[in-house]
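Enquirer: Each chain, written out:
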Amino acid sequence: MQAIFENLPLWLQGMGMTLLLTGLVTLIGLPLGVLLAGMRVSPVAALRVVAAVWTEIARNTPLTLVFFCTAFVLPKLGIVLDFTVGAVIALTYYTSAFFAEAVRSGINSVPIGQAEASRSIGLGFGQTMTLVVLPQAFRSVLPPLINVIIALVKNTSVAMGFFVFVLVSVAQRLSNVYGDQSLQIFFGIALSYLLITVPLGQLVDHLERKWSVQR
Amino acid sequence: MSGSVLFDAPGPNAMRRSRILSIVFAVAAVVAVGLAVYQLWLGGAFYQDRWDIFGQPEVWFAARGLMAGLGTTLSIAGIAAVGAIILGTIFAILRNALTPWVRIPITIVLEFFRGMPVLLMMLFILIVFASGAYWAVVWALIVYNGAIIGEALRAGMRSLPKGQRESGLAIGLTPLRTTLEIELPQAFRIMLPIILAQLIVLLKDTSLGYIVGSPEIIRIGRQLVDFYDRQGGPYALSMFFVLLAIYLAVNLTLSALVRWVHKRVSRPRKGGANLDGTRTEAVQLPTEALRQQQRDPMADTTRYPGAGMEGGG
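Chains as they are written, first to last, in this note's numbering: chain D, 6 to 220; chain F, 23 to 335.
One or more of the hints may lead you astray.
These stretches of chain F come out as covered by chain D in the derived footprint (C-beta under 8 Å, 3 or more residues) [stated by the list, open to error]:
id: 1; region: 37 to 51
id: 2; region: 135 to 147
id: 3; region: 207 to 220
id: 4; region: 237 to 251
Here chain F is said to cover these stretches of chain D; the calculated rule only asks that three of the stretch's residues, wherever they fall, bring their Cβ under 8 Å from a Cβ of chain F [said to hold, decoys possible]:
id: 5; region: 50 to 59
id: 6; region: 65 to 72
id: 7; region: 78 to 91
id: 8; region: 185 to 193
None of these hints come from the bench; they were simulated from the model.
Please read these numbers as outputs of a predicted model, since none were measured by experiment.
Don't be surprised by glycine CBs; every beta carbon is placed ideally from N, CA and C.
Excised from the complex, chain D in its bound form:
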């Protein structure tokens, strides 16, 4: 712990990068995920197929391999990205699929009658989705979405292997310097992660209790 307090700027740098990655990826990935989920249930076959293929491939590829692509493969093809930008792209691609699945399961949790009713008063697909289904899906979808964000916070750690300085990198660097304190250092960094994830988890619990709908 002492080592972390002595190197507070380093810790702040790692923490800042972890939060920055989480924030940016959520900002870009969440709308993308909603779009993908909408495409997945849309009447247009081509959209459905594209969304299904995207989510299936993204969910079944290890994040490390996606990072491998942005960090080592793209530069060979003349697309040289800053490592942080590469990390944002990799994480967004990977996480958008999970956002999409969370939203889709939320859409599925809205009772059929709601959609049938709005269809029968003559609303089109777009109106049914935006005016009736999505607003109701929102409350059941928020807890799983936050769970995806929690997973995202933990996934940002993979960026460490691809030259981005995140919280885990702090643990590694400090334990190299202060070999005798590595136990406390790792404990401290683990606590730093819990500092982000536990409040989010509490929020999920709270929302689930407050918003759980009896259907």
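Since the structure of chain D is already known, use the hints to place chain F on it.
Expert: What follows is chain F alone, placed relative to chain D:
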């Protein structure tokens, strides 16, 4: 709710519109892919020397390396999966212990394990226990996934009707034996899809071994790429596609297996004939358990700390 409720069975107009949209979108997609390919071509993705490795005897050398890497990946995943299920069972039992002296510390420890990245745990084991990269990956995956599976089993046990435990105690089983012989087997059955989905996540997480330095498939791939780079053969792109194909093949097969198991488990169990040849009606699972099952298990592959296991916690 299936997608089809969201729109009418298309009439001629809607069908035409949908077809036009499909075509427009397909064209847009083709153009986008075309642009990407053009960009790749500018970068030299299709120079013959990027792909010629597949036509040379060299490819067998690389393939042997990759197979060894795949072997490491699968063996790590196999050992860790078995270990995680065993540890998860132990966690679930301890988490339900009667004395708060066991229950509360275990709860805190589980919360702690689930809230940190696996990578941090791998580095921790690697540096503090100096166990070597292979076993660091194995142990970290066992502990992390053990915590998650333990929580899943506990949620499964809680979703059982109270009568299960009570009748176990009533026929004179000790609380431990009631848990082991009555509650856990049922919890396993209810949670099987979620546990299997978590094991697929475990398989994907073995790739983190790349960062801590265990010789799993992506690391071998990277080394091969570097090796050929030095000889002037730029194979990063082709290597990426080979790795992607391998992972997709393994994971999609396993995902299909999970869906199949999920469908099987959702059906009420038929059971065999009774001694006198009659059949007993299948008992419906409790509603709480059914609600757990209606979720697509693959949609739950990202997990939370702090959040209870939906419904159950």
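Enquirer: Hints first: check each against the structure and report whether it holds.
Expert: Against the structure, the hints:
A count of 7 residues in the region 37 to 51 of chain F with a Cβ less than 8 Å from any Cβ of chain D is obtained; the coverage claim is therefore met, three being the minimum. With a threshold of 8 Å between beta carbons, the proposed coverage of the region 135 to 147 of chain F by chain D holds, since 8 of its residues qualify and at least three are required. With 0 residues bearing a CB less than 8 Å from a CB of chain D, the region 207 to 220 of chain F misses the requirement of three and the coverage assertion fails. A count of 4 residues in the region 237 to 251 of chain F with a Cβ less than 8 Å from any Cβ of chain D is obtained; the coverage claim is therefore met, three being the minimum.
Counting residues of the region 50 to 59 of chain D whose CB lies closer than 8 Å to any CB of chain F gives 5, so the stated coverage by that chain holds, three being the minimum. Here's how the region 65 to 72 of chain D fares: 6 of its residues keep a CB closer than 8 Å to some CB of chain F, so the rule of at least three is met and the hint holds. Check result for the region 78 to 91 of chain D against chain F: holds, 5 residues qualifying (beta carbon to beta carbon below 8 Å, three or more required). For the region 185 to 193 of chain D, the assignment as covered by chain F holds, since 3 residues bring a beta-carbon within under 8 Å of that chain's beta-carbons and 3 suffice.
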